[in-house]
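Here are the chains, one letter per residue:
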Amino acid sequence: MDTKATKAIEVTDLTVAYQETPVLWDIDLDVPPGVLLAIVGPNGAGKTTLIKAILGLVRPAAGNVLIYNKPYAAQRRIVGYVPQRGTVDWDFPTNVLDVVMMGRYGALGWIRRPGTKERELAMLALQKVGMEDYKTRQISQLSSGQQQRVFLARALIQDATVYLMDEPFQGVDATTERAIVTLLQELRENGKTVVVVHHDLQTVTDYFDWVTLLNIRRIASGPVDDTFTSDNLRETYGGRIAFMKNR
Amino acid sequence: MEYLSLLLQNHYTLIIVSIGAALLGTVSGALGTYAVLRRQSLLGDAISHAALPGIAIAFMLTGTKTHLILIIGAAIAGWLGSLVILSIVRLTRIKYDSALALVLSTFFGFGLVLHTFIQRTGNANQAGLDKFLFGQAATMLKSDVLTIGILGGVALVLMLIFWKELKLLIFDEGFAASIGFPIRSLDFLLTSLLVIAIVIGLQAVGAVLMSAMLVAPAVAARQWTNRLSLMVIIAAAIGAFSGVIGTIISSVTTRIPTGPTIILCTTVIVGFSIVFAPNRGLLLNRIRQKKNRRIFKLATQKTVLGERIQ
Ligand SMILES: Nc1ncnc2c1ncn2[C@@H]1O[C@H](COP(=O)(O)OP(=O)(O)OP(=O)(O)O)[C@@H](O)[C@H]1O
Ligand SMILES: [Mg+2]
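So the protein lines, in turn, are chains A and B. Our numbering numbers the first residue of the first sequence as 1 and each following residue consecutively. Our numbering numbers the first residue of the second sequence as 1001 and each following residue consecutively.
For the record, the hints were derived by calculation from the structure and aren't laboratory data. Incorrect hints may appear among the rest.
Sample of chain A residues facing chain B (criterion: CB under 8 Å; computed from the structure) [to be verified]:
#1 Arg85
#2 Thr87
#3 Arg113
#4 Leu124
#5 Ile219
The C-beta atom is built at its ideal place from N, Cα and C for all residues, glycine as well.
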């Protein structure tokens, strides 16, 4: 892997349509390595779709995605993914440790089962997210914040270089949110690139150093200080951002 | 003496049928777990009904009633049916349940037409095809049991080999895709395993009741455990147990057909599990709630008293 590459993620001319109308239109996006980036935009703006398109989970109508200059299929091992919590059945018969170990399935490849090494990695990741006491807990008996942390631990043991996270702060309390942010910033300090779908405009400047404003089109993308401006926000959200005071 | 050999002969049949039913129960119980967890319980129903025309066509083409050949016909048709359902969902805006109902009734109707046609043509060999409708376990032969054992064994071994992949597919498909597992192929594998589990049971249990063999043991098993591996084992055990008990009950009372008896046994176990299972059961939940309420009541009364004393 070329660590001196200038782009961790490079999206060019990306258009995605589920039905006739495009939900992402001609997106260009360059994410430099080692940033903590927030994707911000209203409901239905296409944030989840953008993440999925980068991961190759939805087929774009046009355009191209590169991770460190190579297509996603060649770079799977270095990409970690935290899906939106609501996309899985939390009543599935399994426990916390087992879910976290799923983060190693990609590295294990076909047929090989997780063993002692995977278990140790999973325990370390659970400690990082403060969930080590819950390792044998059935996953249906977790609060939403705990579920979110389990997903985070699963992504951590993927040991990726680029992380894509869909609303990791959804339904977590202030303490957990701080803990997660610290964790994400730690990842960035270690040279990882972290892309996070984020909804709380108030905390963007505190938590992130890059931001992408999205509403079907890419409105703006760049360092928070230059990009997170009231003009850009107005363009992203329409007139509905009165609560954002004097930015 | 004559009586004794007759008895032995009867027992021989009973043993063969019991083994066959136990094998069927094991395979459909284990694989049914995946259908239930994937919320595809009805897919089993669609496959078993869609398999019917395959049996008729296999018979018309070959003129034999060899179990294996009819099973292959059933498998192709059942598998085609599930493929049509998936394609309808993917290519049109028709929802999953509607596509399912559509395919089920179309294939089943076509199967009935073919069966009637075969009967009308008066082929001397045709008798016995209708057992695929309601099942006739009592006519199971040693060779049938062997077929069930081999095909079912292959399905179970594949399930074990791809254990982790299938688990991830069902729990978190998006994540599985993101780390590079081919979702379509795994889906294909899982559907094929379900098709095998279904078609090997058609002769004994029948198209109409086969999906219950698949779904009921898994539903009961879910009540008793929070672990996938245990759920598969318990479901398989319930399936096997019901198979044997159902066979024995229907053999001592000559008038009751085996398939429905097996299903009734499973249903009793499901009912018992829903009420009495330790964690998810209705009864213990109710008792626990009552007990908690009493404890909390006591606790609050105590604090109230304590405050008064102070
Ligand atoms: N599987 C799908 N089929 C059809 N349309 C879809 C599908 N998934 C999303 N859409 C549509 O695409 C648009 C973008 O959806 P997306 O989930 O990417 O938005 P989002 O920005 O993540 O929204 P939210 O903030 O609510 O999570 C929406 O209008 C949605 O209705
Ligand atoms: Mg979303």
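Hints and how they fare:
1. For the restraint placing Arg85(A) at the interface with chain B, the shortest Cβ-Cβ distance is roughly 11 Å, beyond the 8 Å limit, so the hint is violated.
2. Annotation: Thr87(A) was flagged as interfacial toward chain B, and the flag holds, the nearest CB pair being 6 Å apart, inside 8 Å.
3. Against a cut-off of 8 Å between C-beta atoms, the interface hint on Arg113(A) holds, since the closest Cβ of chain B lies about 6 Å away.
4. Because the smallest distance between the Cβ of Leu124(A) and any Cβ of chain B comes to about 19 Å, over 8 Å, the interface hint for this residue is violated.
5. Interface restraint check for Ile219(A): the shortest CB-CB distance to chain B comes to about 26 Å, outside 8 Å, so the restraint is violated.
In this structure, the earlier hints numbered 1, 4 and 5 are contradicted, and the remaining ones agree with it.
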